[in-house]
Structure formats: C-alpha cells, structure tokens
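Next come the chains, spelled out residue by residue.
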Amino acid sequence: MATLTAVQILAYALASALFLGHLLTTRPGATRIARGVLLIAFTLQLVDIGIRCVGGENPVSSTREAVGFVGFLIAGGFLLAGLRYRLSAAGAFAVPASLTLLVLARVVPAEPGAPRMGALGMTHVFLATLGVAVFAFAAVLAVLYLREETRLKKKRFNRMAADETPLATLDGLGLRCVSVGFPVFTLALVTGAVWIARLGGLAASEARRPEYLMAVAAWLAFGGLLLARVGAGWRGHRAAWLTLGGFAGLFTVLLLYVLRSLS
Amino acid sequence: MPGGIDFAVLGLSHKTAPLDVRERLASAPDQIGEILRGFAGLEPVREVALLSTCNRVEVYLAAPDPDAAIAALRRHLADRAGVDELDLANHLYARVDVDAVHHLFRVASSLDSLVIGEPQILGQVKQAHDDAVTHRTAGGVLAACFSGAFRIARRVRRETEIARNPVSISSVSIEFARKIFDGFQGRTVLLVGAGKMGDLAARSLHAHGAEVVVTNRTLSRAQEVAARIGGHTHPFEDLHSALVKADIVIASTGARRPVLTRALIEAAQKKRRGRLLFLIDIAVPRDVEPEAAQLPNVFVADIDDLQRLADEHRDGRRTHADRAEAMVEQEVARFLEAYRGRRVGPTIVALRDRVLETARAEAERAVASLPGLGDREQRAMFELADAIAKKLLHRPQVALKKGGGDPVEGASLVTAAQRLFELDVPEEGGPSAPAEATDKDGQAAPAEDGRPAGQAVGR
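Protein chains in written order, with my numbering: chain A, 1 to 263; chain B, 1 to 459.
Just to be clear, a hint being listed does not mean it is correct.
As the list claims (entries may be wrong) - Computed from the model, here is a short list of chain B residues facing chain A with C-beta under 10 Å:
no.: 1; residue: Leu86
no.: 2; residue: Ala293
no.: 3; residue: Asn297
Said to hold, decoys possible - Straight-line Cα separation of at most 25 Å, DSS-like style, residue types lysine-lysine; simulated pairs:
no.: 4; chain 1: B; residue 1: Lys271; chain 2: A; residue 2: Lys153
no.: 5; chain 1: B; residue 1: Lys245; chain 2: B; residue 2: Lys179
no.: 6; chain 1: A; residue 1: Lys154; chain 2: B; residue 2: Lys270
no.: 7; chain 1: B; residue 1: Lys179; chain 2: A; residue 2: Lys153
no.: 8; chain 1: B; residue 1: Lys401; chain 2: B; residue 2: Lys126
no.: 9; chain 1: B; residue 1: Lys245; chain 2: A; residue 2: Lys153
no.: 10; chain 1: B; residue 1: Lys15; chain 2: B; residue 2: Lys126
no.: 11; chain 1: B; residue 1: Lys245; chain 2: B; residue 2: Lys271
no.: 12; chain 1: B; residue 1: Lys401; chain 2: B; residue 2: Lys390
no.: 13; chain 1: B; residue 1: Lys401; chain 2: B; residue 2: Lys391
no.: 14; chain 1: B; residue 1: Lys179; chain 2: B; residue 2: Lys271
no.: 15; chain 1: B; residue 1: Lys179; chain 2: A; residue 2: Lys155
no.: 16; chain 1: B; residue 1: Lys270; chain 2: B; residue 2: Lys179
no.: 17; chain 1: B; residue 1: Lys245; chain 2: B; residue 2: Lys270
no.: 18; chain 1: B; residue 1: Lys391; chain 2: B; residue 2: Lys402
no.: 19; chain 1: B; residue 1: Lys179; chain 2: A; residue 2: Lys154
no.: 20; chain 1: B; residue 1: Lys390; chain 2: B; residue 2: Lys402
no.: 21; chain 1: B; residue 1: Lys402; chain 2: B; residue 2: Lys126
no.: 22; chain 1: A; residue 1: Lys153; chain 2: B; residue 2: Lys270
To be verified - Here are the simulated distance ranges between beta carbons:
no.: 23; chain 1: B; residue 1: Gln294; chain 2: A; residue 2: Val47; range: 49 to 59 Å
no.: 24; chain 1: B; residue 1: Glu237; chain 2: A; residue 2: Arg86; range: 50 to 60 Å
no.: 25; chain 1: B; residue 1: Gln294; chain 2: A; residue 2: Arg86; range: 26 to 36 Å
no.: 26; chain 1: A; residue 1: Thr100; chain 2: B; residue 2: Glu325; range: 56 to 66 Å
The hints are simulated quantities; they were obtained by calculation from the structure and are not laboratory data. Since the structure is predicted, the reported quantities are computational estimates derived from the model, not experimental observations. Cβ coordinates follow ideal geometry from the N, Cα and C atoms, glycine included.
The following block holds chain A by itself, in its conformation from the complex (with noise of 0.2 Å):
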C-alpha cells in the first residue's frame, strides 16, 4: 500500500514537472509525455481508490480520503478535457493541484474514531468533493484566461502558443464549470446543514466556526459570479477574478478541514 502510495505521488510529481517545463520552455512533443505520465498516475490512483474500496474506504467515507478525491477529479477532467480542446497549459496548474492534494491526503493521518458518516454524510462529502473539483477546474481556466489575457494586452504573445486555447474558449468553459459546480456545491450545502441537522444541530459556538462561514462566503461568490454572467453580462477579466476569489475561499475551507483533523 505504501509502495503504491509513494509511485502514485512519484508519478503526478513527474507530470507536474513535464508540465511546468513545457510552460516554460515550450517544447513541442513534451506535452505528450506529460500526459502519459498523468494518465499512469491517474491509473495508478484509481486502483488505489478500487483497493481502499474493497477494503471498506470508499472515496467520500473520510475528509482525507475526499480531499485525495478531489485532486483524482481534478486530474481526470483535466484529461477528458484534453482531448478536446488544447489545454496543455492548464497542466501546469491542474497538476501539480492534484499533487498537492494527495499528499495532504495521505499526510492526514487515518481518523480511527471518527463515526461512521452514514449514507448522508456520504452524500454530502461526495457533492462537496465534485463541486470543490469542479470550481478547481473553473479557477484554472481562470489562471490560464488572466495569464492569455495580460500577454495579449501587452500584445506579446510567443510563438509556440499558436496552439493555446483562445480567450473566447476559456471564457465559455469557465462559464460551463461555474454553471455545473454551483447547483452541485449548492446540494451539497444542503445535505451538509440536512446532515448536521439529524446529527442534533450545532451548538452556537460550533455554528460560527471559519469553514462553515468560508463556505457560505465562497457559494455566495460562485452564486453571484452566476448572476453577474447572466444578469449584468460579466465575462471574461472581472468574471475570471471572481471566480479566483470564490475558489479561493473553497480552497481554506478545504485547508481548515485538513488542519482541524490534523490536529
């Protein structure tokens, strides 16, 4: 188990690099090789996960195993996405995204007396991971859009990016995540608060702590971001921005989650 925890993390390491190196260097054929690598992480990642199933930890059963599931998500839609459109700077980010993930995953020590979830519980981790993947992905078309976008104002654009993705393009997906993860992450805040509800409710000091109020913040801005696209017809810069704030909040809450089992 340790051995193929240590090749899995060898192996998104490894794309992670290929990855960088092509942003920075732009080597024509490199980006081949990184996906390869990817895929076998990926692959790798994914026996892991059937094994940890079998033996009676699925994906969504514990905060550790959900943040790995994260990242695997993060991974594979970086993927399917590849064979559409060209992407392959969106590596450099989604990769080493999902790297990090497994890590903090597996650094997280196992919870041996942590309750069972029960099937809501398990619903909500599992709506939460996908959204939180989701907004990830949203919030690297972001990065990738901010980047083309700066490089265009400035009108430099290198010779090798002939095969970026236009800016109309990352805009549109942006869109589409966005429009995919709100009513996702929406469910899972439901079932979350539905959840804790059953559990006995939360006592006042519990109501207040940081993730869940992060949380809140970060709908609110993926919400807001949905209206402002469709209602005031923001796009493009201000829409990639917002997006960056919403998944930033996501992302502490995500990281308060790990430290509070951490600790």
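Given the structure of chain A, go ahead and fit chain B onto it with the hints provided.
Same frame as chain A, but now just chain B:
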C-alpha cells in the same frame, strides 16, 4: 461524379514515400518524352503530364474512366520502377475529379511542399505542362486544370508571400484574433473606413465565415467595398450601434483624430454586456484612442504592434498557409463553375454557322434582286460574302479558342458570344477544344496515336 471532370492524379511525395522509393520513380529530363508516350499509350488515358521533383513524382491525367486509368498507370509505374505493385501502392495516392483539381491547386500553390511557400514548385508545375504540350500528350482538360493551378498559385504568392508587408499585417491580425476568438463563424467584423489593408483582412475573415459590415464617411465607397467583400453597409453616423454588434473591428480611415474614442467604446461595451472586442487599428494616424486598450475585455492592436509581430513571424510561413488554403478552396469552386459553363467548341461551330449562313443568305438576296448577273459575277458575289464573313469570324474564333482555356474568363467569353449572336448551344460535360494544344492556324494538334487531341476529351 461530383465535379464531372475526367481528371485524376496518381503520385507519391515526401509525405508518403521515403527518398529511396521516390528515387526509383524519378526521371531525367531527357527521358520525359519517352515516359509520357508510355503513359499516353495506356488505355483509357487521353491526356497526361508528369511532375517530377526531388520531393514528388505525380502523374496528372485525363481519362473518360479515371479509376481504370489510375489502375493501369499504377501497374505501369511499378513495372518501370521494377518494384512490386503492392509495395508501391502503399506509397501512392490517387485523387480523381474535383479532389484531383484541389490537389493540383495546393501543389502549385506550394501548400503541399516540404517548405510551405517555397517558390520553385510553380515553375516545376509549369514545366510539367509544357513538357506535355511539347510531347503532345496534353489537351483541353489538362490545359484548363493547369491554367487554373497557375492562377491560384500566382494569387497565393501575390496575396500571401510576395507582397509580404500589407498581407502579413492582415494575416497577423487574424492570428491575433484567433487567440481571442474560437473561430470566426458567426462573428461580426466591422470595417471602419475603406483602406486596402483593411479590405484584405476583412476579406480573409469573411472567407472564414465571419459576417462583414462596412461603414465609411462616403457611403458609395462603403457600398463598393461591401459589394467586393460580400458584406453590407452601415451608416457612419451610427458607429455606436455598429460597435455593439461587432466582435472584431478593423479601422483604416484617413481621419486626423481617433474615430473610435475610449468613451464610444466604453458605452458600446456596456450594451455588448462585456463581450470580447478586438480592435485592429491599421490607420496612420491612429483611429482607436490608445486609452481604449485599458478597458476590460477590449483588445487593441495598432499598425506598429502588427508590424512587429509580422517581423517576428518572418520565417513562420505556416501562418500564411491557412489563408492560402481558403483561397485554394475558393478557386476550386470558381474553377468548377467555370468548367461546367465552358462550351467553347460547339460555340465556335455555332458562331461560324450563324455568320456564314447570314452572309450567304444576304448574297442570295442580292443576286436575286439583280437579274442581269452572269455566273461569274454571281460566284464572285458569294465568294465576297464568304470572305467578309470569314475575315470577321477570324478574331472572335481565335479569342474564343485562346480565352476558352482560361477556367474563369473562358466561361464569360463563351456566354458573351452566345448572347451576342443568339447562339443555341447544347450543354456538354467538358471542354471540346484543346486550348493550349492548338497550332497557330487553329487546327487541333494530332495526338501521338493520330487521333485529334481535342476529340478524346470530356466524354
């Protein structure tokens, strides 16, 4: 068959065959005549030309059954090269009808070359046709297809390579636009002013599926440009609403002060709900206020930016290729249309009949009204009428024969002749008179097997 052109190509190139295979099929210049005669002797080949360069060996042919001709030729080539037919077939590609025309056009335009845009290939294609004419294996079909190829090759060179400056500005603009938009289908291009460079860029975007709107201080000039590009016009006074609809703006007015001010663009952006807007400013002095570039989702490129980018792309010839490909598509479509409209041979016959008949009828009337004429005088009268008619016919006939070989002008020439003389000419599948392979006196040159080269064509 979609195009109805009995034209085909069989060959191999750097893309399909390694050097050692190409070497086996390569031919020395002094062998050309013998090789061409060998090809022409194959049934059902009617016309044939050989293009042999260090990167490709291609046989262009006309035949009533192109597929059968290709099969025969494939065997023949394998025999000549001394290789197994099946082995060779792996490296060979065959195209028939419109696809063959398209291929020839791409080859002549240097789009299929190892180094895209290399200038030698056009000369080599010309040489191939000249050789076929010299060795009397060319006829009307090859003449039409090859002259179409020369035409597109010249156009591609003129508009994308030779006059590099103005056009590469336009191609760089388009490349820039590609980084912003995912294709131009359904996008709206607003052309402000009617400069030549703007015209080129707009035309190219139009070829990629964009809708073009032209606005200019002088309406008539805008209409002229719109008609040429295939767009429509918009009143210059109402620039605001034109901006609201546009995705790409190409500005090339002669105005002394910026026409597209920051305020104007900002107002338009509000209405456009922040959609991405790309302003290409190729006017000097500038048409777009530089501060406009600070607006979110607005991108501005001025002539200096474009020039700098064009210089950076000096060796990136690939950037021209997309535009050239679009041109080739266009020319193939035009060629097909013209080809179908060509009825040169029957038109010449009908014209001759009409004029000679009229002259003879008039001579008869004149003879009838002069009862005292003797046999000699009567004969002289008829001869005079004939001679005048033939003299008058000579130039139009020559013009039709010559011009008929041109895939584009030929059609209009033939149509004009038919209209002017009210000629009733039946439709035909292909050209009837070989345009290039005629002798000075207008007689069709006999092919090697003794049949007139023109007769075998187009059935």
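So, going through the hints one by one against the coordinates:
1. At a threshold of 10 Å, the smallest CB-CB gap from Leu86(B) to chain A is about 33 Å, leaving the interface hint violated.
2. Annotation: interface hint on Ala293(B) holds; nearest CB of chain A at approximately 7 Å, less than 10 Å.
3. At a threshold of 10 Å, the smallest CB-CB gap from Asn297(B) to chain A is about 4 Å, leaving the interface hint in force.
4. Note on Lys271(B) and Lys153(A): the hinted pairing holds, with a Cα-Cα distance of about 22 Å set against a maximum of 25 Å.
5. Among the hinted pairs, Lys245(B) with Lys179(B) is consistent with the structure: their alpha-carbon atoms are about 20 Å apart, no more than 25 Å.
6. Restraint check for Lys154(A) and Lys270(B): satisfied, since their Cα atoms lie roughly 23 Å apart, inside the 25 Å limit.
7. Proposed proximity of Lys179(B) and Lys153(A) is supported: the alpha carbons are some 12 Å apart, at most 25 Å.
8. Proposed proximity of Lys401(B) and Lys126(B) is supported: the alpha carbons are some 20 Å apart, at most 25 Å.
9. Restraint check for Lys245(B) and Lys153(A): satisfied, since their Cα atoms lie roughly 22 Å apart, inside the 25 Å limit.
10. For the hint linking Lys15(B) to Lys126(B), the alpha-carbon distance of about 22 Å falls within 25 Å, and the restraint holds.
11. As the CA atoms of Lys245(B) and Lys271(B) are separated by approximately 9 Å, the hinted pair is consistent with the 25 Å bound.
12. At roughly 16 Å between alpha-carbon atoms, Lys401(B) and Lys390(B) fall within 25 Å of each other, so this suggested pair holds.
13. As the CA atoms of Lys401(B) and Lys391(B) are separated by approximately 16 Å, the hinted pair is consistent with the 25 Å bound.
14. Distance restraint check for Lys179(B) and Lys271(B): the Cα-Cα separation of roughly 24 Å lies within the 25 Å cut-off, and the hinted pair is therefore satisfied.
15. Between the alpha carbons of Lys179(B) and Lys155(A) the distance comes to roughly 11 Å, so the proposed pair stays at or under 25 Å and holds.
16. With a CA separation close to 23 Å, the supplied pair Lys270(B) and Lys179(B) stays within the 25 Å bound.
17. Distance check on the hinted pair: Lys245(B) and Lys270(B) sit about 12 Å apart at the alpha-carbon level, within 25 Å; holds.
18. Taking the CA atoms of Lys391(B) and Lys402(B), the gap is near 18 Å; set against the 25 Å cutoff, the hint holds.
19. The straight-line distance between the Cα atoms of Lys179(B) and Lys154(A) is roughly 13 Å, inside the 25 Å bound, and the hint therefore holds.
20. Restraint check for Lys390(B) and Lys402(B): satisfied, since their Cα atoms lie roughly 18 Å apart, inside the 25 Å limit.
21. Among the hinted pairs, Lys402(B) with Lys126(B) is consistent with the structure: their alpha-carbon atoms are about 18 Å apart, no more than 25 Å.
22. Distance check on the hinted pair: Lys153(A) and Lys270(B) sit about 20 Å apart at the alpha-carbon level, within 25 Å; holds.
23. The hinted range of 49 to 59 Å is satisfied by Gln294(B) and Val47(A), whose Cβ atoms lie roughly 52 Å apart.
24. For the hinted restraint 50 to 60 Å between Glu237(B) and Arg86(A), the CB-CB distance of approximately 42 Å leaves it violated.
25. The hint said 26 to 36 Å for the Cβ distance between Gln294(B) and Arg86(A), and at roughly 29 Å that hint holds.
26. In this structure the hint that Thr100(A) and Glu325(B) lie 56 to 66 Å apart at CB is violated, the actual value being about 44 Å.
In terms of the numbered hints stated before, the structure departs from hints 1, 24, 26, listed from lowest to highest.
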